[in-house]
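Asker: With chain A held as given, fit chains B, C and D onto it using these hints.
Protein chains: 4
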Amino acid sequence: MKVIADVSIVPLGVGLSLSPYVAACEAVFRRAGLKTQLHAYGTNLEGEWDAVLAAIRECHRMLHEMGVPRISTSLRLGTRVDREQTMEDRVRSVESKMKD
Amino acid sequence: MKVIADVSIVPLGVGLSLSPYVAACEAVFRRAGLKTQLHAYGTNLEGEWDAVLAAIRECHRMLHEMGVPRISTSLRLGTRVDREQTMEDRVRSVESKMKD
Amino acid sequence: MKVIADVSIVPLGVGLSLSPYVAACEAVFRRAGLKTQLHAYGTNLEGEWDAVLAAIRECHRMLHEMGVPRISTSLRLGTRVDREQTMEDRVRSVESKMKD
Amino acid sequence: MKVIADVSIVPLGVGLSLSPYVAACEAVFRRAGLKTQLHAYGTNLEGEWDAVLAAIRECHRMLHEMGVPRISTSLRLGTRVDREQTMEDRVRSVESKMKD
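Chains as they are written, first to last, in this note's numbering: chain A, 18 to 117; chain B, 18 to 117; chain C, 18 to 117; chain D, 18 to 117.
Source of the hints: derived by calculation from the structure; they are not laboratory data. Any given hint could be a false lead.
Pairs count within a copy or across copies, as identical chains cannot be separated in the list.
Claimed, not checked - Below 20 Å or equal to it, Euclidean Cα-Cα: the simulated SDA-like pairs (lysine to any residue) are: (1) Lys116 to Gly50; (2) Lys19 to Arg74; (3) Lys52 to Val108; (4) Lys114 to Gly84; (5) Lys116 to Arg100.
None of these values were measured; they are calculated from a predicted model.
Just chain A, with the same shape it has in the complex (with noise of 0.2 Å):
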């Protein structure tokens, strides 16, 4: 099963500065070959459902073991059986409908 995600990570305990462990994320996603598209407000995930939750765990435990003692995650899973559809499809899209 694909899956679309969007995923927002909010590290507490560690401070204001919370980019360092978004880039620590955003490594894993990368080595975990998700396609991945940062954004001001989240990470955009595309790939295989396991190998996606899978990531998103390990980015949870990295973060622990970097001495993040607790985290609060905010994701969107989107999943569709009537077709393919890709991120750049999604963008596409709804960019083609303003141009109309």
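Answerer: Structure of chains B, C and D alone, referenced to chain A:
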């Protein structure tokens, strides 16, 4: 790794009555032996990370099998390594602060 | 426009004990006259869109005044025009399907 | 109060093609003068709290007027008082950590 989660599953392409699908996923969560608490905009889940996430995947799989062509799920995932905390602890902790 | 919402407020830069801040926001929601139901990963709110969103803004404003430097809130917002529905209706509707 | 938001709007009861509705909301956000960046699972928004939230309400109102009977929106809201930060700052900050 323990997780406290909150999941809101939105089936698309099956009209406006979502409760049969939410109920089907509730049954999945209970069969999986997870602690679960339904509320007006989702369900709290508590358990081992792998068990919780496997149950959410099973919910997507089953809804697609029931004829749902597309699903958009919103999920919160909380992990912590500083101490153990249950769903009940979290509610009680807020309520005790409200009485102060 | 009526809305049923679910809000999870995550204060950053104030350590790991979030319950005093969640309790302060609960008090804001109640003073605003909103229907509110606390759960283990957030709070259900029901009311007019403007009242609900003004209360969430007031919660952010008050937490910043209490010394919280940064906040990341996860929010779900449900509106419908096909029929009226309360928070209790939603829970009851799922529960009735589970007994079938 | 400035906010950086991320909004994913899910219209229900209108089939599986959501892009016309997402595009209509994008147009609302731009007409409102908000900084906006579309991605594969939502849209980043930046502006004053009241302007951002009024635009999201207008998006719900307009979709209902276009015939959407039910909407479930997932929203992230970030505020901070320790320093100013733009959407671009956030992406750049993570990317700079990835090069280290």
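Asker: Which of the listed hints are broken here?
Answerer: Checked against the structure, the only hint that fails is number 5, while the rest are satisfied.
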